[in-house]
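**Q** Listed below, chain by chain, are the residues.
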Amino acid sequence: MKFRSVFEIIGPVMIGPSSSHTAGAARIGRVARDLFGRQPEWARIHLYGSFAETYKGHGTDVAIIGGLLDYDTHDERIKTAFEDAAKAGMTFEFIPEEEEAEHPNTARVVIGDGKGEMELVGISIGGGTMEVTELNGFPLRLSGHYPALLVVHDDRAGVIAGVSNVIAEQGMNIAHMEVGRKEKGKMALMVIEVDQIFDETLINQLQSLPNVTQVSTLAN
Amino acid sequence: MDILFSSVKELVSLAETQNKPISEIMIEQEVLLTRRSREEIIAQMERNLTVMEQAVEQGLKGVKSTSGLTGGDAVLLQQYIASGKSLSGDLILDAVSKAVATNEVNAAMGMICATPTAGAAGIVPGTLFAVKNKLNPTREQMINYLFTSGAFGFVVANNASISGAAGGCQAETGSAASMAAAAIVEMAGGTPQQSAEAFSIVMKNMLGLVCDPVAGLVEVPCVKRNAMGAAKALVGADMALAGVVSRIPTDEVIEAMHRIGQTMPSALRETAKGGLAATPTGKALEAEIFGKDKSARDTVKS
Numbered sequence: 030m031k032f033r034s035v036f037e038i039i040g041p042v043m044i045g046p047s048s049s050h051t052a053g054a055a056r057i058g059r060v061a062r063d064l065f066g067r068q069p070e071w072a073r074i075h076l077y078g079s080f081a082e083t084y085k086g087h088g089t090d091v092a093i094i095g096g097l098l099d100y101d102t103h104d105e106r107i108k109t110a111f112e113d114a115a116k117a118g119m120t121f122e123f124i125p126e127e128e129e130a131e132h133p134n135t136a137r138v139v140i141g142d143g144k145g146e147m148e149l150v151g152i153s154i155g156g157g158t159m160e161v162t163e164l165n166g167f168p169l170r171l172s173g174h175y176p177a178l179l180v181v182h183d184d185r186a187g188v189i190a191g192v193s194n195v196i197a198e199q200g201m202n203i204a205h206m207e208v209g210r211k212e213k214g215k216m217a218l219m220v221i222e223v224d225q226i227f228d229e230t231l232i233n234q235l236q237s238l239p240n241v242t243q244v245s246t247l248a249n
Numbered sequence: 005m006d007i008l009f010s011s012v013k014e015l016v017s018l019a020e021t022q023n024k025p026i027s028e029i030m031i032e033q034e035v036l037l038t039r040r041s042r043e044e045i046i047a048q049m050e051r052n053l054t055v056m057e058q059a060v061e062q063g064l065k066g067v068k069s070t071s072g073l074t075g076g077d078a079v080l081l082q083q084y085i086a087s088g089k090s091l092s093g094d095l096i097l098d099a100v101s102k103a104v105a106t107n108e109v110n111a112a113m114g115m116i117c118a119t120p121t122a123g124a125a126g127i128v129p130g131t132l133f134a135v136k137n138k139l140n141p142t143r144e145q146m147i148n149y150l151f152t153s154g155a156f157g158f159v160v161a162n163n164a165s166i167s168g169a170a171g172g173c174q175a176e177t178g179s180a181a182s183m184a185a186a187a188i189v190e191m192a193g194g195t196p197q198q199s200a201e202a203f204s205i206v207m208k209n210m211l212g213l214v215c216d217p218v219a220g221l222v223e224v225p226c227v228k229r230n231a232m233g234a235a236k237a238l239v240g241a242d243m244a245l246a247g248v249v250s251r252i253p254t255d256e257v258i259e260a261m262h263r264i265g266q267t268m269p270s271a272l273r274e275t276a277k278g279g280l281a282a283t284p285t286g287k288a289l290e291a292e293i294f295g296k297d298k299s300a301r302d303t304v305k306s
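Read top to bottom, the protein sequences are chains A and B.
Just so we're on the same page, my numbering is the position in the first sequence counted from 1, plus 29.
Just so we're on the same page, my numbering is the position in the second sequence counted from 1, plus 4.
The shape of chain A in the complex, shown without the other chains (with noise of 0.2 Å):
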């Protein structure tokens, strides 16, 4: 089930002209900079399918880059979103692709800054609702339903029972979870949505546990 909630029906509340084109490229953006977990510097930005041959007229380019800005889909700053950059200090490029995806609004958001640098897909469904597909290479599906965490780890026995035992301890209840890596023996990803807003003493527990390279947020 893609869609759980009326609100994904009727709502967002947002900044026109297109709910997906604009209100989910909007929270795209914004998924990404949480998970990036800071203002990235730069942002360079592949589009495919509709969004490529459309993002001009529906403000897809300056509803992502609003999102990592931190903007919410109803915020009015999304269509001064370019100047806003500018002040922010953030560079950004837009290339359009020619190659199709599997989903027609589909953007490959890749950000950085000093210290390190991410890469997302995130494909926009309708109605302003979107889903993460791809992160640093890792294919998941994150549907930004729930508060998640991404724990990025050396493929090891034992690490995912380390993992849920510290959730388990915070009295956190998992709602999905999902596993996956690139090639065996090497580095993994875990992808775990939970029930309740998480605290920074969940974070730094994880982030402290053996093989666990990196951890990562999701707000809902």
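What the hints contain is simulated information worked out from the structure, not anything from laboratory work.
Please note that the accuracy of each hint is not assured.
As the list claims (entries may be wrong) - DEER-style ranges, computed between Cβ atoms: (1) Gly66(A) - Ala47(B): 24 to 34 Å; (2) Asp94(B) - Ala204(A): 27 to 37 Å; (3) Lys31(A) - Thr303(B): 44 to 54 Å; (4) Asp99(A) - Ser87(B): 42 to 52 Å.
Note that CB positions come from ideal geometry on N, CA and C, so glycine has one too.
Fit chain B to the known structure of chain A by using the hints.
**A** Then chain B, alone, in the frame of chain A:
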């Protein structure tokens, strides 16, 4: 995961056996799926209703989009209604003008509430605020109108699509008009089954509608498709209330819409490559808006 309904058949049967309106079943499912309180959910829907009211108000004062392609038609329609010369009826034209008002605000990058999308955001509020003058609903009934629309939209979104890029305009204004028809029926005192019939009657007349926005802007023909969507919603609701039924059950109509969307060529699914976007005038407007020899898909750099 607990879910009360995933098809229109289940939705109607729940409403009938429990003797509840469809809006109530939607509220109950929302409580179940999101674990939020009933009060919180109703309060959020009321906030959405307020956004819709403000958008209509703003549009009726007259707005203009940046491209200059749309704006001002809602005002023209209200003036025409006031002249007393309307042929199709004041209520229908009032709904049309309010749907247009919302979409003109949307095209001007104003604040709206997507129902189910921004490109189709005019139909549900446009019909609601027109029918309101005839049926004098309470605030609660107006909120319920949105829950009923949402219940039908929920089934469409999960079983077919509400995205023009995936399913064409039938998935956007088609869904919106059908959702509105179902909600009008409930507000007018019709049965849950009559809501479903109204939905089917309208959707059957939206099947195959392509998404072909000129220059990729949500303006031409989107604003006028919202206008006609509002008119169809009202007529469809009246037909169902008169006792007319659809020979094809609602869930099968939704399935047909889904399959038509899947076989629609990509040129007609929000790529601005076919249909009205590809007409000589459509192309000329695109060149005018983005500059000569430039298109909606050229690289943008900071």
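**Q** So which hints don't hold here, by number, going up?
**A** 2, 3
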